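Trainee: Residues per chain, in single letters:
2 protein chains.
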Amino acid sequence: APVDKGVDFANYFCTYAFLYHQKEMLSDRVRMDAYYNAVFKNKHHFHGQAVLDVGAGSGILAIWSAQAGARKVYAVEATSMAEHARAVVKANNLQDVVEVIEGSMEDVVLPEKVDVIISEWMGYFLLRESMFDSVICARDRWLKPTGVMYPSHATMWVAPIRTGLGDQKNNDYDSSMDDWERFTDETKNYYGVDMSVLTKPFSQEQKKYYLQTSLWNNLHPHQVIGTAASIKEIDCLTASVSDILEVNSNFSSTVTLQNTRLCGYGGWFDVQFRGRKEDPAQEEVELTTAPSVDDSTHWGQQVFLLNPPARITEGDKLNGSFSMKRSKENHRLMEVEFSCEIRQQSGELVPRLVALCSSC
Amino acid sequence: APVDKGVDFANYFCTYAFLYHQKEMLSDRVRMDAYYNAVFKNKHHFHGQAVLDVGAGSGILAIWSAQAGARKVYAVEATSMAEHARAVVKANNLQDVVEVIEGSMEDVVLPEKVDVIISEWMGYFLLRESMFDSVICARDRWLKPTGVMYPSHATMWVAPIRTGLGDQKNNDYDSSMDDWERFTDETKNYYGVDMSVLTKPFSQEQKKYYLQTSLWNNLHPHQVIGTAASIKEIDCLTASVSDILEVNSNFSSTVTLQNTRLCGYGGWFDVQFRGRKEDPAQEEVELTTAPSVDDSTHWGQQVFLLNPPARITEGDKLNGSFSMKRSKENHRLMEVEFSCEIRQQSGELVPRLVALCSSC
Ligand SMILES: Nc1ncnc2c1ncn2[C@@H]1O[C@H](CSCC[C@H](N)C(=O)O)[C@@H](O)[C@H]1O
Ligand SMILES: Nc1ncnc2c1ncn2[C@@H]1O[C@H](CSCC[C@H](N)C(=O)O)[C@@H](O)[C@H]1O
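Protein sequence lines correspond, in order, to chains B and D.
Its first residue numbered 1166, the first sequence is counted upward by one per residue in my numbering.
Its first residue numbered 1166, the second sequence is counted upward by one per residue in my numbering.
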């Protein structure tokens, strides 16, 4: 079904029209350092070239591109943030190089093809927001055959984790159900209506909310209890929308900690700035959102809970299968299913469904 | 402009599809008692009659109507909550009387006209959500000329208040601006981009967010420091949409407390169940959301801040003017402007703009 533009604005774009939200991204030092270094350590890609910034927001990437020597930068932004970007461009005296265009990338017409597309399109766990679709659209229409993508590659990762979040959420769920019992009693006693037929759907709704929805979290590296597995690699120069509509992967992971609890999986991503094979980066830069003590990002990691947790130990093998689809109601949200079996070193097999999650 | 149905669902209806949200309303004892008493103390309006429940949610009002003796109840609900309502109706053995219809009131066709329309359509400060439009539409199409509205009347109130919320929000605003200063310094020093041109729009955005948006609050009656004034009265039997598109009122209020601070205005509403002039209630019931120690509701009150507060004292006269319009972007939200002048008993006049607020 085609996407209704009004609905898409209500659900998605509206938040980006706030400076507050742009500031959050601009304050993410790991993100900023990566793009900054990617541009300024690879000025040869920008010098004298035409650049397209897809989803310019405050204009930061367009401005860096211009400062790195671009001849012309087209900065396309769908929301009214475009006006602010224009003001920043002017305040930094780059109005002759950077042209801010307010509009959807899908609708915009440029006067020329470009040598570089730069964009910060990554959502939680990489694909949430489905913004890479717009980058693909821009690439297919406006990138020269010799052009370069910034970033050039992306990878999604999952790893087994331990966390107290599941216990917390189970408590929340339990107390919500206790509350519900009180509620149905009172509705029956005071108001003469029996609502207990809704107990099951309410419990399903609350389970979904508390236990079957992935959670944003800043994991500590110590919480990762096994090897991380890559479940998707994207070459930004060649990937098509059909390549990212779904992610399906069988992966395996070896437990690296003695006698611990498998509480679920953590998911994150990284992107690389490698340039193009025939025109590589002079200095490759990577932006990773993996669990980290010092370099955590606003993306954090997504946590998918296993309920209840399972006891595992060093050397156990986890054979997982992962599937992610776009939600039917909102193509910018994802529906994720995990399942995994635990193959103990002794050889015993413990098959288990881990989680059914919709990011929101 | 006509309302896009998809956008309206994304912005408005979606929350009502959650049992959690319906439960919040069903747990509001003041609300429940009022409707319960309105129905069961006025069974003569229901006995043997046809009833329409506009926006049935869980079906509670439809079920009460049936229990009070209605011959037939049409329970119209736009969201998938309709399925749950149907289950509750069945569990309470009323499936022969209550017919649940999933659909927008605006689109639904009934097989007959009805004697009673019952609905709980009130949003924050009465008109938020603009759901009364749907009740008017139902009334004009489906209520018999002799029919009765439940509720039959509604009134909006404002009163001068004192509150610490303004100080809190001012602190929040100040620290947000401090943070912004640090942010622009860092962006300049580390990343070579001057964002200070955005300081003014950021400050406006944050002022709007913290200080010029009305706040949900459960006021204590002691926080009301002057006489309450009614700014709008609605006769649910005769009001048209054009009557409620805007609310404009000049009102005055006398300060009842010595030497205090005018920190803003509180706004609330009440509705009455009086039946119809020719067919009055046997026992009139009122549902009020005024500040109360024991009988507070999930509606609370809306607080509109005066920034900075003004010193006032007993006997001072506050001449206010109030205007409320629907937001252009979302017809279910309101834009409110207050202004007020303080006429001290000494005769001195202190004109002041109180607040420019958009509820959200
Ligand atoms: N199809 C599209 N066309 C134009 N802008 C889009 C778009 N999809 C997303 N965007 C914009 O892309 C931005 C992504 S956030 C990144 C902002 C900025 N480039 C930075 O790195 O700080 C948002 O401002 C969003 O409004
Ligand atoms: N135009 C419309 N047509 C049908 N349902 C509507 C509607 N506008 C609002 N609603 C529904 O009206 C309900 C209002 S909340 C009240 C629910 C229930 N009558 C109770 O008193 O507990 C919501 O469930 C909302 O989905």
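Please note that the accuracy of each hint is not assured.
The list treats identical chains as one, so a pair stands whether inside a single copy or across any two.
The list that follows gives simulated cross-link-like pairs (lysine-lysine, DSS-like), each with its CA atoms no further than 25 Å apart [unchecked claim]:
{"no.": "1", "residue 1": "Lys-1482", "residue 2": "Lys-1493"}
{"no.": "2", "residue 1": "Lys-1365", "residue 2": "Lys-1353"}
{"no.": "3", "residue 1": "Lys-1372", "residue 2": "Lys-1490"}
{"no.": "4", "residue 1": "Lys-1237", "residue 2": "Lys-1353"}
{"no.": "5", "residue 1": "Lys-1482", "residue 2": "Lys-1373"}
{"no.": "6", "residue 1": "Lys-1170", "residue 2": "Lys-1493"}
{"no.": "7", "residue 1": "Lys-1278", "residue 2": "Lys-1208"}
{"no.": "8", "residue 1": "Lys-1278", "residue 2": "Lys-1493"}
{"no.": "9", "residue 1": "Lys-1373", "residue 2": "Lys-1493"}
{"no.": "10", "residue 1": "Lys-1237", "residue 2": "Lys-1482"}
{"no.": "11", "residue 1": "Lys-1373", "residue 2": "Lys-1442"}
{"no.": "12", "residue 1": "Lys-1372", "residue 2": "Lys-1278"}
{"no.": "13", "residue 1": "Lys-1208", "residue 2": "Lys-1353"}
{"no.": "14", "residue 1": "Lys-1206", "residue 2": "Lys-1353"}
{"no.": "15", "residue 1": "Lys-1365", "residue 2": "Lys-1255"}
Note that these hints are calculated values from the structure, not bench results.
Since the structure is predicted, the reported quantities are computational estimates derived from the model, not experimental observations.
Trainee: The structure should be examined with respect to each hint, and the outcome stated for every one.
Mentor: Comparing the hints with the structure gives:
1. Lys-1482 to Lys-1493: neither (34 Å within a copy, 57 Å between copies)
2. Lys-1365 to Lys-1353: within (17 Å within a copy, 56 Å between copies)
3. Lys-1372 to Lys-1490: The answer is within: 20 Å in one copy meets 25 Å, while 40 Å across copies does not.
4. Lys-1237 to Lys-1353: Between copies only: 22 Å across chains, 70 Å inside a chain, cut-off 25 Å.
5. Lys-1482 to Lys-1373: neither (28 Å within a copy, 54 Å between copies)
6. Lys-1170 to Lys-1493: For Lys-1170 and Lys-1493, both the intra-copy (16 Å) and inter-copy (17 Å) Cα distances are at most 25 Å.
7. Lys-1278 to Lys-1208: Within. Shortest intra-copy distance 19 Å satisfies the 25 Å Cα cut-off; inter-copy 75 Å does not.
8. Lys-1278 to Lys-1493: Result: close neither inside a copy nor across copies, 34 Å intra and 38 Å inter.
9. Lys-1373 to Lys-1493: Classified as within; 17 Å inside a copy, 35 Å across copies.
10. Lys-1237 to Lys-1482: neither (52 Å within a copy, 62 Å between copies)
11. Lys-1373 to Lys-1442: Close neither inside one copy (45 Å) nor across copies (49 Å); limit 25 Å.
12. Lys-1372 to Lys-1278: Intra 50 Å, inter 42 Å, cutoff 25 Å: neither.
13. Lys-1208 to Lys-1353: Cα proximity of Lys-1208 and Lys-1353: across copies only (20 Å, versus 72 Å in one copy).
14. Lys-1206 to Lys-1353: Between copies, since 19 Å is at most 25 Å while 70 Å is not.
15. Lys-1365 to Lys-1255: For Lys-1365 and Lys-1255, only the inter-copy Cα distance (15 Å) is at most 25 Å; the intra-copy one is 59 Å.
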